[in-house]
Structures are given as structure tokens and as C-alpha cells.
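Next come the chains, spelled out residue by residue.
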Amino acid sequence: MPLIPRLTSLWRNLFHKDRVDQEFSEEIQAYLDILTEAKLRQGLSLQEARRNALLEVGGVEQVEERVREIRMGQFIETAWRDVRLGARTLIHSPIFTAVTVLSLALGIGANTAIFSVVNGLLLRPLSYPESERLVDVWHTPPQQSFPGLDRFSVSPANYLDWKSQTSAFEKIAVYGYAGLSLSTSNDPMPLIGGTVSSDFFSVLRCNAMHGRTFTPDEERPGRDQVVVISHALWQRAFGANPNIIGQTLTLNSRGFTVVGIMPAGFQFPREAELWVPLAWDDKERQTRSIHDYLVIARLKPNVSVQQAQAEMSTISSRLEQQYPKENKGWGAVVIPLREDLVGDNRTALLVLFCAVSFVLLIACANVANLMLARGANRQKEMAVRIALGASRARLVRQLLTESVLLAVTGGLLGLLLAVWGSKMLVRLGTLPDAGNIGIDTWALGFTLLVSFAAGIIIGIMPALQFTRTSVSETLKQGSGRSGGTSLKQHTRKALVVSEVALSLVLLIGAGLMIRSFWNLQHVDPGFDTSNGLTMSVVLTPIRYSEPHQQLAFLDRAMEQIRAVPGVVSVGATTKIPLAGGGSTQPFSIEGRPTGAIAEQPMAQTRYTTSDYFRAIGIPLRQGRFFSEQDRDNSVPVVIISEAMAHRFWPGANPIGKRLTPSFHLEQGAREIVGVVGDVKARGLDSDSSTMMYLPYNQSPLPFMSFVVRTAANPESLIQPVSKAIYSIDKEQALTDVQTMDQVLRASLSGRRFNMTLLLTFAGVALMLAAIGVYGVMNYTVTLRRRELGIRMALGAAKMDVLRLVLGQGLTLTLIGVGAGLISAYALTRLMASLLYGVTATDYLTFVSVSAMLIGVGLAASYVPARRATKVNPTIALRAE
Amino acid sequence: MAKKQVDLLQGTLDLLVLKSLALGPLHGLGVSNRIAQITKGTFKVKPGSLFPALHRMEEAGWLQASWGESENNRRAKYYRLTAAGRRQFDAEAQDWQRISLAITTALKAT
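Quick mapping for you: the protein sequence lines, in order, are chains A and B. If you're matching positions, the first sequence starts at 0 in numbering that gives the first Met the number 0 and goes up one per residue. If you're matching positions, the second sequence starts at 0 in numbering that gives the first Met the number 0 and goes up one per residue.
Treat the hints as calculated values from the structure; they're not laboratory data. Check before you lean on any hint, since a few could be wrong.
Ranges between beta-carbon positions, derived for each pair [unchecked claim]:
(1) B:74 <-> A:75: 53 to 61 Å
(2) A:380 <-> B:74: 25 to 33 Å
(3) B:82 <-> A:75: 25 to 33 Å
(4) A:21 <-> B:79: 17 to 25 Å
(5) B:82 <-> A:25: 37 to 45 Å
(6) B:82 <-> A:874: 53 to 61 Å
(7) A:393 <-> B:37: 41 to 49 Å
(8) B:79 <-> A:817: 47 to 55 Å
Taking beta-carbon pairs under 8 Å as the criterion, some of the chain B residues facing chain A (in silico) [stated by the list, open to error]:
(9) 45
(10) 46
(11) 47
(12) 50
(13) 54
(14) 58
(15) 74
Glycine is no exception: its CB is placed at the ideal position from the N, C-alpha and C atoms.
Generate the whole structure from the sequences, applying the supplied hints.
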């Protein structure tokens, strides 16, 4: 019977019942009409004709009911019978059933868990209305200054020009991050806030749950002391008090009136817990060369990303011509919000999804093998049924029902696993839009689909084989010993070979990840991560607007921290290495041609105290560190990194040369007094950046990260050091309190997550493949007992038998490894972007992983091989 | 109708439906008329058994249904034999011939 029409018809009957019913009503109505017409032609009156027709039909309702029964009944009834029969069969072999259901549950559960993440991030729309129209707009920086960087934050004046000149967007908004410290009766609470333009919420189409969001009026300095808080913060800090609206919070020592509470789950930008208006003053509105903001927009309904991109490119080149000094080389790029949010996670997710489906395939192959191993009994049962007249299709269907039943049971169990797994993934992974991830209807549908597919995969081979046998042959073979199973053996071996191949691909993938991770861990970050502690503070403008106030706080803080017992040294900088972020600045070198700002070379810029390098452990290469004598009234100085020295003064001594950072033109040229070692500013996998350091004392700033070197375990000093800083001003909240080790670990957390998952999957795959090899070899030995017995009777030594069986196991493994190597060679390049310091076809990984797998294959064949040597020739021969 | 109508033997309804459709597609009333015609009025199939049979055979893949126009421009659902239906018809026809021959022979035996 053709399967496809069967399934479509079942689908129709089950899910489009109304349409089917209605169609039948029409059919019988047509029958009545035609019959009535025929009777009219026979000369009856219309009324009579109709009456007679109805009589002949004998009750439309009843006919409809019977047809409905027929349409629905047949398939379901047979299926139900098969399910009951299958369940009975499975209950009779509880161990087989348990093993199968459990391994399928693991496989399907892992698949569903990963699918829930893939679904949440890549497939489902983001949690904003019509989110497919949301885009981020970024600058693209000039490539000679920022090689490799493809997106850059936006400056206020450029944003305002974009906003006034575009027509592609329904709405466009700008936002930034702000560290806000909320004063409480105890220590201040550090919070991450979004500073947002008034259109921000309407671009996302999210309204406040209570109260309101911002009005355009509140974008003006002076009117901006209003705040919208997140649902989470409302619950955490204010006990979900509905009267909070209208009350005043002290944020960064200023009073802000709460005007709104966002609904639960709203968290944009990432990690933001409250929002304040972005109020630029006139000077800021004209700033073009300080890039500090992010732009989000909603496309008009019929405008494509490409169209918006084309328009933004035109506007950008117009601005380049209009403001060549600041804008030369700065373009714009429009990126769909989802793509921007998901970013690097896409490749990792797809690799993991591939990996986890491999694991399920291997598990399926194992289960199929188990089912084949049960063959002898089933084969006889099938032969009897065929002899009694059952059609082959009917038996295949029954066997498939049985395997689908197994798989669906496994799938349901797997679902429980997936609920837990999905939560774990969200907790451990650094995933954006995590609120969108979970087991929803899609994930449920996926589980069901995968379960059915798994059921068919594990069942189809055994089903075809059990029913293929010649009836008389099977029935004649009295004992279970079968001669005609060479075909079945081939299938089993093919299954094991594919298991080995699939697990090799996974192992190689995991191997490459491990090597990348190992390489990264051995990258020198350029500073000492042991016994270090860091914390940051952003001084509130209301008390620390003046540079001397900022410096005074910094000096006091240094003093207080230094006095804490156990502190070896302390320094401060604007941004510690590895954490990402930090500012970049153009500069000009004295005696060399100076172009417009947009054409000047760029260097990452950090402001530091004189003790910073010693505290964090960045080595001095040439010249000197800053000293307390480098002050406001002394010669302006700068320290540069080795990479910067090599790039701009190759082969020459940069000490004593002078350069001018373009954000500090008023201070004139600065003398280079030292060259220090390179650090990995943006992460261990980033290049050593060209970096310049300016002393805080000459250019104070209202934000700083402290770096404390401790004599003992840095964690024990978190409390005393925090207390020391709060003793100066208890309204300045400390953020990012971590040990340097934690900073290092956090910078690798994404990679560690991916590696751990892939390694787990590969481990499971290896175990399953080993079981597969063991199973098939064990069975081979059973089948060949007699032959082995004869060999030994004819004088074969135990060693020969051992070699024979091991050789066979080895052959299987080798074929699998061969196939696996080819697939791995083709597949691992997909994960190239996840690797570091190792190519996707790294031969060392390929060879060592293959060797390991061959070893495991041998070990798995060894036990059956040992059993083979214990065959007693006399017994084996007599057993027939 | 003067002729005596006979109840259909179990299984013969399918055969008659298949036979009537083997000559060409028909709508429900058409099938019923065709059966009456080819059995010379011996069998008259009522909708109550005709439609369940048609739908069962459609589900089994022997028939395919589609909407079309009747001779008097009325919309009606037409049934036609699929390849599987044709095979089924051949098989059932053969069986029937064997059985009827056997029964006839048996009845003639003395």
C-alpha cells in the first residue's frame, strides 16, 4: 500500500476533520440532487421526487456517520492493535526494553535540549513584536586604523544626521550603557542601566507594564531625571511594590523619579535593569569623533535590509564629504538584530546540533543492532505468520510500530531530560535572549518527530530482514543456529562501521576544540593573573564633576586599599585587560605628517596610576613606569606597548619621542617615557594591541578599575578592600568585583562551554561505538563457535584464534575510521571559526584520535576474542 | 421493479464497485446505477452501504476521488480506479471465478 497517500489521508482525517466532513456532506447532497433530477425526469413532482430521493438514501446522518467511522477507524484500529501487541512483546523482554528506551531517551533528550537553544536563538522570532524588522545600525571604521573590525559604535552627531536623513526606518533610536549606583540604606547597589533615547521602547514596540516610558521632552538635559525599571529589579529591590511609581530613587547621587516598570522578561540592551533618558547637551550633539553609542531601528514594512543598507551607505558617504576631518573612512552597516545578537553563537550551535544528532544516530545504530541480535526468535515468529497468510507489508508495519513505540517512550523520557538540560544550557552558556529558550510547542513537535524518525531508523532494517526470510528455510532450522544469516551479519557490521565513523568525526571535533582551548590557556595574557583582585567604580557626576575631585577620590582610594592588611600593591586603570571594551584614540607623531583625525593611526588607550603596571604585573621593557612626579604641572608623558613601539618605531628607540593623543590636544605632545609588555586587551584570542597608557594624574577621569595584588588568596580580601573604598564615599557603587583568575576564566567561558558539551557528546559516542563493536564481535564469536572449534581441533593455537577475532574487530574499526576520517576532513572546516592555533584538518589531532579509537575498538573486541579462545572443540562440535 | 432483488454477498460489493469503475470514472449515484445496470437489476446498492464502501476503498488506495461536473452541470465527486485498485480488481475477479466455479460444480454434483 502506498505510504505517502496513506499518511496524507490520515493527516487529513485527523487534523482536517471538519473539511473532510463537509466535503462528504457536499458529496451526499450532490447525490440527492442528481437523484431528484432523475426522478423529475421520470415525471414526478418536485416534492415527490425529493421525498423519494431522501427515502432511498435512508437517512443522510447515518450515512455520514458510517463514512466517518470508516475513514477514521481503519488506520487507528490497526495501529492500536499493533501498539498493544508491541507493548506486550516489549514487556516480555524487560532488559532489552530498558536498555533501548534509556539510550534513546539520552539521545533524544540531548537533541531536544540543544534544539530548544537553536530554536530560541535561530529559528523562533525574538521576543519583540515583528522582530524580523528590527536592525542594528553600526559604523564601519576605516580599515587602515582598525584592521579587521567590521562594526563600531556611533557618535552623537552622526546618529542625529542619520536619523534626520533616512527614510528606510519606521523608527530609529540610540542607546548606551551606564553604570548606575542605586543608594540604599546599606552599601550602594551597582546596576547596569541603559541610557536610551525616547523612541527606544517604541522601536522595540514594548510598553511599560505599569506607568509609562519616556517622552521626547525628557531627552533634554535637566528634564531627564526619570527612570524606568525592569520587572526583575522591581521584584528584587522594591519587593514588587506597585506604589514605587512616582517615588524618587537616588542613582549616582541624583534623584530620579520612577515613571514606569517594564514587563517581565524585557531586557534590552543585555543585562540592563533600568533605563534613564539619554540627554545630550549641545556640545555632545555636535560630537562626531567620539563613538560611544549603539543604534537600533525598525525597518518600514516593505523595506529590505539591503535597501536600508544602500540608503545608509549613501548618507555615510555624504557625511564623509561634508565632514572629512572626522568622518573620512567611516561607513555604516545595517545588520538584522537577531544576527547581531546571536553572532558567534551560530556556528557553535550548529556544530553542537550536528554533534548531538550524531550521538542519536549512533544510539539508533546500537539499538538496531540489539534488535537484530534478537533476530532468531522474531524470525521464526514472522515465518509462522507469513505461512499463515500475513502480508509482508503488514508484518513490517507491525515491527515498525513496535520500534516506534520504543522510540516514543524513549522520547517522552528524553523530554524530561531536555527540560533539565535546556535549563542547564541557559545557566552555563553565555547566550543572548535567554528568556526565549525553553521547551515550547516547537521543541515538543521536534521531540515527537525525532522520536518517530528514530523509531523508523531503528526498526526498518530488522523489520525488512525478519520478513525477508524464506519461510521453509527458517521453519526447518530447528535450533536457533542459523546458516542463512550472512546478510544480517553484513547489516550489523555496516551499522557498527557507521557508528565508528560517526564517533570518529565527533572525537576529532572535540579534539580540535580541546587543542584550541589548550592553546588559549597557554597564551600569555601579558600580565600576572595569580593573586589579583579587581573592582570598578564609576564616580557620580554630581559630586565628582571636577578633575581635582576625581583625583582626590583616586588618591584616597589608593591610600585606603594599600592600608588593608594582605595587600601587596594596588593600581588603577580605565579598563583591565581581557575584559573587552576600553577606548581607542587617534594620535599623531611629532615630526611626521599629521592628517585629519579620520586619517590618523589609532591606539587603544588606557589611563593608569603610577603603580598600575607593578600591581597587575605588566613588565617594563624600556625606559620607566609613571611616577608620582608625573603630575598636572610636569612634562606630559605617555607609555606605549611593545607592539606599538614595533609598529611605529621599527628598529628605533621610541624613548624620548613625542606623540599627541587627539583627545588631549590641549596638553600638546607627550613624551614617551617607557615601553611595556603587550597585553591581550580583548581576550586571549585577540592580537596584541597597539596600546598607549596615559597617567591619571595628568588626565583624570571619573571611572576606574582597581587592581589589587594580594599576598594570599585574593577572595579573602574582597570584603576588606570593598569596605576600604566605601569608607571614602558610600554612594559610589563597586562593580565587577572579581579575582584576576575569574576574569581569565570568564574570558574563556564561551569556549569552555562549547568544548565541554562537544567533549561530552564525543565521550558518549565513543562509549556507544565501543558497545557496538563489542556486541557485534560477541555475536560473531557465537555464530562461529563451530568453525572455531574445528580450527582448534585441527591444531590452531589459542593465539591464532585470538588473532583471528581481533583481526576481524580491527578490520571493522579500520573501515569505520577510514570513513570517519573522510567525513571529518569534510566537516571540521565548518567549525574553523571556533578554533584557535590549530587548523581544522590538524593532522596530529586526526592521527591521535584515530589511534585512540582503534585502541578502543581493539579493546572492545578483546573480550569476545578471549571468549573465542575458550571454545572447547569437543563441545562446540557436538553442539550441532 | 418486478425482478427480485438479492442481498449482496459479503465481499461482492467491493468486486461490483471495482467492476463498475473499471469501465470509467463515475460519481456515487453513477456507481449505484451502473451496478444495477450490469447486474440487470439484481443488485441495487443503497447509499448507506455504497458510500462507506467507496470511502473505505479510497482509504485503501484502490480509488481516487476528485470533484467534477455531472452530465447536468452539477458538481459531484467522481471516483476512478488507481493502479492498485486495478490489481485488486483482477485478483478479486479471479478469486470470485474460482469460488463460483467451485460452488457451481459442487451444486451440480450428484
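Given residue 50 of chain B as an interface hint, is its Cβ closer than 8 Å to any Cβ of chain A? holds (5 Å)
CB of residue 79 of chain B to CB of residue 817 of chain A, is that within 47 to 55 Å?
At roughly 53 Å between Cβ atoms, residue 817 of chain A and residue 79 of chain B fall inside 47 to 55 Å, so the hint holds.
| How about residue 47 of chain B: closest beta carbon in chain A under 8 Å, or not? | At 5 Å from the nearest chain A Cβ, residue 47 of chain B passes the 8 Å test, so the hint holds.
Hinted contact residue 46 of chain B with chain A - closest CB pair below 8 Å:
Where the cut-off is 8 Å and the nearest Cβ of chain A is about 5 Å from residue 46 of chain B, the hint holds.
query = Would the stated hint for residue 54 of chain B survive a check requiring a Cβ distance to chain A of less than 8 Å?
reply = Holds. Min distance 5 Å.
query: Holds or violated: residue 58 of chain B as interface residue toward chain A, Cβ cutoff 8 Å?
result: Cβ of residue 58 of chain B sits 6 Å from chain A, so the hint holds.
Interface hint for residue 74 of chain B, Cβ within 8 Å of any Cβ on chain A = Result: holds, 6 Å to nearest chain A Cβ.
message: Quick check on a hinted range of 41 to 49 Å for residue 393 of chain A and residue 37 of chain B, using CB atoms only.
response: At roughly 33 Å between Cβ atoms, residue 37 of chain B and residue 393 of chain A fall outside 41 to 49 Å, so the hint is violated.
Regarding residue 82 of chain B and residue 75 of chain A, is the given constraint of 25 to 33 Å on their beta-carbon distance met? holds (26 Å)
(Q) Take the shortest C-beta to C-beta distance between residue 45 of chain B and chain A; is it under 8 Å? (A) At about 6 Å, which falls below the 8 Å cut-off, the nearest Cβ of chain A leaves the hint on residue 45 of chain B intact, so it holds.
So does residue 82 of chain B sit 53 to 61 Å from residue 874 of chain A, Cβ to Cβ?
Distance hint for residue 82 of chain B, residue 874 of chain A holds at roughly 57 Å.
Please check whether residue 74 of chain B and residue 75 of chain A have a Cβ separation lying inside 53 to 61 Å. About 30 Å separates the Cβ atoms of residue 74 of chain B and residue 75 of chain A, which means 53 to 61 Å is violated.
In this structure, the earlier hints numbered 1, 2, 5 and 7 are contradicted, and the remaining ones agree with it.
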